[in-house]
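Trainee: Sequence:
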Amino acid sequence: MEEIDKNNDRKRSQPLPVKNAGFRLGTSQEKGPDDHLESIVGTSEDIKAILSQRKDAYAVTWSPDGTVVAFVVGDTQGMEGQMYLWFSGDQRPKLISGITDRICDFYWSPDSQYVFVDTGTSAQRGGIIVSVEQHKEIGRIGYTHRPQWSPDSKMVALGVVRKVEPPIPWELDGTIDLALYNVETGELNVVATGTNEVYYYPVKWDRDGTLTYEKHFINNEKVERLKYKK
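According to this note's numbering, the residues represented by the sequence shown are 1 to 230, in order.
It cannot be assumed that every hint is accurate.
Claimed, not checked - Computed spacing ranges between beta-carbons, pair by pair: (1) Lys55 x Arg225: 15 to 23 Å; (2) His135 x Trp170: 21 to 29 Å; (3) Arg225 x Lys154: 19 to 27 Å; (4) Glu197 x Lys227: 30 to 38 Å; (5) Gln91 x Glu187: 23 to 31 Å; (6) Ser112 x Glu197: 34 to 42 Å; (7) Glu45 x Asp208: 32 to 40 Å.
These are calculated hints, taken from the structure and not from any lab test.
C-beta atoms are modelled at their ideal positions from N, C-alpha and C, and glycine is treated no differently.
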């Protein structure tokens, strides 16, 4: 067991640097935010070049295997817009129906088959799971802090709010459980229960399936780092 300092900083996804590549703007007559999102060939370099010139595109986040990019077209200042997936080799991106929101980050699963979409305006976040193969939402869950994908891409470790009366005023309506969300079944399994004295955050997964998480003591700000393995 190890005591550490608190570190709850949230990282934002940043667009990747691109090289100059041959491309053209689309001439589609369709009306909508995806007008002029079109590539001659649809190579990764073409797509990067197009998105780098779009002033209304943000949260550009490539999959671990480099074959598909998630991004938002909309209000870059207010961080609100429509989600898209663009597959390398496709001339146009795929609009993900129903996901127009205040989207802040994309978290890819290690196998590049799922995207965890982070939405919200407060510490209480909204998470949307998108299937890359199906091009659609397959689940939603409320959470806080930062999601952590398991190495096999089947689970997401999350901090989930539990309604109890905290000993001090804070933004959340309760404490925080440590939970595992199964992206295939939608099942949520609580592995560490928060109280009005402690709460939990996931930190990282090791390759062997061991989850490192933090136990936070509300009154004295003490933090312990612990391990969980199913």
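Trainee: Each hint needs a verdict: does it hold in this structure or not?
Mentor: The hints, checked one at a time:
1. Lys55 x Arg225: 15 to 23 Å: Check failed, 42 Å falls outside 15 to 23 Å.
2. His135 x Trp170: 21 to 29 Å: violated, 38 Å
3. Arg225 x Lys154: 19 to 27 Å: holds, 24 Å
4. Glu197 x Lys227: 30 to 38 Å: violated, 21 Å
5. Gln91 x Glu187: 23 to 31 Å: violated, 38 Å
6. Ser112 x Glu197: 34 to 42 Å: holds, 40 Å
7. Glu45 x Asp208: 32 to 40 Å: Hint holds: Cβ distance 36 Å, inside 32 to 40 Å.
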